[in-house]
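Colleague: Residues per chain are reported as follows:
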Amino acid sequence: MTEPTAKQIKDEKLYQQWGLTDWEYELISAKILKRLPNYTETGLYSVMWSEHCSYKNSKKVLRKMPNKSDRVIAGPGEDAGILDIGDNQAVVFKAESHNHPSAVEPYQGAATGVGGIIRDIFSMGAQPIAVMNSLKFGPLKDGQTKHLVNEVVAGIGGYGNCIGLPTVGGEIAFEDCYEHNPLVNAMCVGLLNSTDFKHGTASGDKNLIVYVGAKTGRDGIHGATFASDEFTDTKNKQRSAVQVGNPFIEKLLMDACVEIIEKHSEWILGIQDMGAAGLVSSTAEMASKAGSGLILNLDKVPQRETEMSAYEMMLSESQERMVLCVKPEFVEDVLAFFENYELDAVVIGQVTNDKQYKIYHLDQLVTDIPVDSLTEDVPEYDREEVQPQRMIDEQDYHFAPEITDLAATWIEMLQRPNIASKKHFYQTYDSQVRADTVVRPGSDAGVVRIRGTKKAIAMTNDSNSKYVYLNPYVGGQITVMEAARNIVASGGEPIGITDCLNYGNPENPEAFWELDKSVEGIASACEKINTPVISGNVSLYNEYNDVAIYPSPMVGMVGLISDIDNVTTSAFKDNGDLIYLVGQTQDDFNGSELQMAQMGQLKGNLRDLDLDQEKLNQDLIRQAISQKLIKSCHDLSEGGLSIALAKSAFDNDFGFDIKTKLTTAQMFSETQSRFLVSIAPDKQADFEKMLQTDFEYLGTVTTEPEYKVTTATDSVVVDGKIAAKSWKEAIACLMK
Amino acid sequence: MKLVKVYVTLKKSVLDAQGEAIKSAIHSMGYSQVADVHMGKYFELNFADDYADLEKDVDAICDDLLANPNIETYRYEILEAE
Amino acid sequence: MKFAVINFPGSNCDMDLYYAIRDGIKQPVELVDYRSESLAGFDGVLIPGGFSYGDYLRSGAIASQAPIVKEIIRFANEGKIVLGICNGFQILTELGLLPGALIKNEKGRFICETVALKVVNNETAFTSEYQANEVINVPIAHGEGRYYCDETTLKELQANNQIAFQYCENVNGSVEHIAGVMNQQKNVLGMMPHPERAIEEILGSDDGLKLFQSIINYQVRVNN
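Protein chains in written order, with the UniProt record's numbering: chain A, 1 to 736; chain B, 1 to 82; chain C, 1 to 224.
None of these hints come from the bench; they were simulated from the model. Some hints here could point you the wrong way.
Claimed, not checked - Some, not all, of what chain C presents toward chain A, calculated at C-beta under 7 Å: (1) I111; (2) P139; (3) I202.
Built from N, CA and C at the ideal position, the CB exists for glycine as well.
Only chain A is shown next, with the shape it has when bound in the complex (with noise of 0.2 Å):
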């Protein structure tokens, strides 16, 4: 093949294919360059100035979340953030969409995106210590549906069993949005056994860029922008844009580097995973960020396949690759100690002071510009954002469910794919290698302790995009409150968190005020309880024909357990137990689950979230946890009360024989900021005492697995065994 000269590609515009528009070209060639860019340049500027590597669409957006906390160690800007967590240790976390990949190739696509939030845990010198994920498809029931969730969920656990860091929980919901555009992000927290940390750069003039990994191949070419792109049918055929992971390489190289960090920090100055727009990403944004400039050799770049081209091997993401900064007088060493590992590992570049960024090839200078124009001087675009009409002509909308039978209703919830187990899924991920693992999938939040110490590490992956469709500022607020009640009934103090934020199209007004507004309310939130936004990531273009996803920002959140023996779950532990509810409940049935299941659409606002409120519910129940006061502790969450006091119920086959004032409707309202709590006996004065805000004693926890439940309105008995049965069951029964 011929490349296009420098002349073709600005005459025939075939620079908008690659995603850069006429206005960016032009700044290109005219103001950053004075020339025009050749084939392989024009590449690198397509890549590195997509949403996806530079997010020109959402960076004013993203600064407005808090990243500061006493705890921050390392904020946004490297592979991941950092936490302090004392005694000279910290944890390390992040995580990244796969959406696109994974709805064209879901078992790859999938793999993948576990593979490179791995990378960038253990880039930072940190060893993995677990992997969460957020999925979201379209309803079970087509077979392409069923195929797609199949080959994600196998993709996940393919990946994570092999490489044997344990999947501690996640998440899983349905709706309709995501039938042609499934959302598939991963979470790896990380443990640093000291402080210290590598930066991303490369700097210091001649010293010496390493590769290290897996060879270089055409896969992925143009991944990154093909992120940024939207799905239609015509475009469905994009095939060859998708990595293949190797997760027995990726063990290797992650046991390599965090090796080589913890034993030889001396020998290397910079470290960042290969991902996204590959070689170019990684190596442009090392430079960058030390202010150096760099000469690349592709001869040396370890190659797969032949006669690549140089922007071929550029913008490659083939997977398992990183780039080192080493100092020469070490590199000898780096090379044999990852020759001992098996791995590959070449001299291919050095850092030069000229801040330029030069790539030979077959002996040509094929790339000579300003390293920071790759990284620094990508344009920033203002959006414009107008409030969906959809909310004004529904601001005064109150749903009103009507209940009849409520056993019937309670059973019908129990099924519901968004409420039902989704252990058919989650057991197919080794939940437990490492023998670390305190709390596996399915209680509120996953938990690992540290070995060695008396402290835990909880963490809990949360969305809820049918709030954040009908008000994304309250939708915001809601997602990081839910995933602190998580942590918190687990026993453990919110420190911090990572996000992905998918949305729509941004050059969308409605889509793009979604994203806005969702954004305020998660980093009110996040101000509230002390939780700095330390990572994350952005996947627009969440489309297909035109049709967006709900707004779905996701919630990675981590919390720190000082003391072992705090850590909680929301199962009932003994028969005579006093059951609780935390919290008031009022109406709030707009985007609750049980509008879906009865008007099988979304309608209507949300109340502000009461922040205050919120936070002093959770302060209290950390304080009733730590003075050893509860026994269980659950947050209420889709489905509400009903749902809660089952879920609880199951795990050691328990009854529950309550009375509440709260109305047969309420049982399923989800208001926000409530608990659900059992503690022993003897604890009933102390408890009470100490809960200074609303609650309401429900009964007590029996051995029979009965539900005697009376509201204000009904009196029912329901069958533990028939309820448990049709929530554990209804999945794989859908799945079939």
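Starting from the structure of chain A, add chains B and C where the hints point.
Modeller: Quick look at chains B and C alone, frame taken from chain A:
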């Protein structure tokens, strides 16, 4: 060059879980006449033209590595490589 | 009693096993590289779970060609203790040190769950601390854990009491619910469940601890 194509399949007595899963997928596509599906592995080995004891060594490679005689059988064909 | 934990490329339960020995039964333990050619000085060899060589070709097949393997075979033939867990079990069958093979689970999916096991033979180096027919809770995590052997082999296993553990509920479709088998001399055990993940209550079960304690007690008896 000699090209040796090796086919490894599960013995008939061993349940082919993947084959069964594929069969049910094919059936759900509407091809209900497909009676049986078996999944196996396929290898290509290249040897020099004058390689001595070719069959003996291929047998050994198959017995010792490519197939597990407890559960799998294999067959191979020797061709002239193009 | 000094243990070796063999580390193949892709092993991922090596440290879990290491900690089970170091912290669970407080015995000396070392990781041994797959390229090593000697097991001199060790009293027991442990082959950990994981995905050696990515489980490419067949689980355990490529690992069974590694340099350390000759030494493991020698060790086993001398009657010393060899325990393979999960991928370690797969490697031992690939090596021919244990009969049968491990193939894809009946339902074709990976399963991670804590399951009930029955101790079938409690008169062995690995099980003497358990009661006969004791039911214990031990996690499994495998996609290719369905034990298969032909009928003749099965009869031999039964006649010679080589079945160590059975699943109470046949989770993966194994022949005769087999979860763990030994060689004829009963110094080599392979099992799919992970006793090293069940040595502390905080992780959900400590039923695996007795397996490791049995090994030490056996060694004490041998030495006396």
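Colleague: Give a verdict on every hint.
Modeller: Structure-based check of all given hints:
1. I111: This interface hint holds because 6 Å falls under the 7 Å limit.
2. P139: 5 Å, holds
3. I202: Holds - the Cβ of I202(C) comes within 7 Å of chain A, reaching about 6 Å at its closest.
Against the hints set out earlier in the document, no violation occurs for any number.
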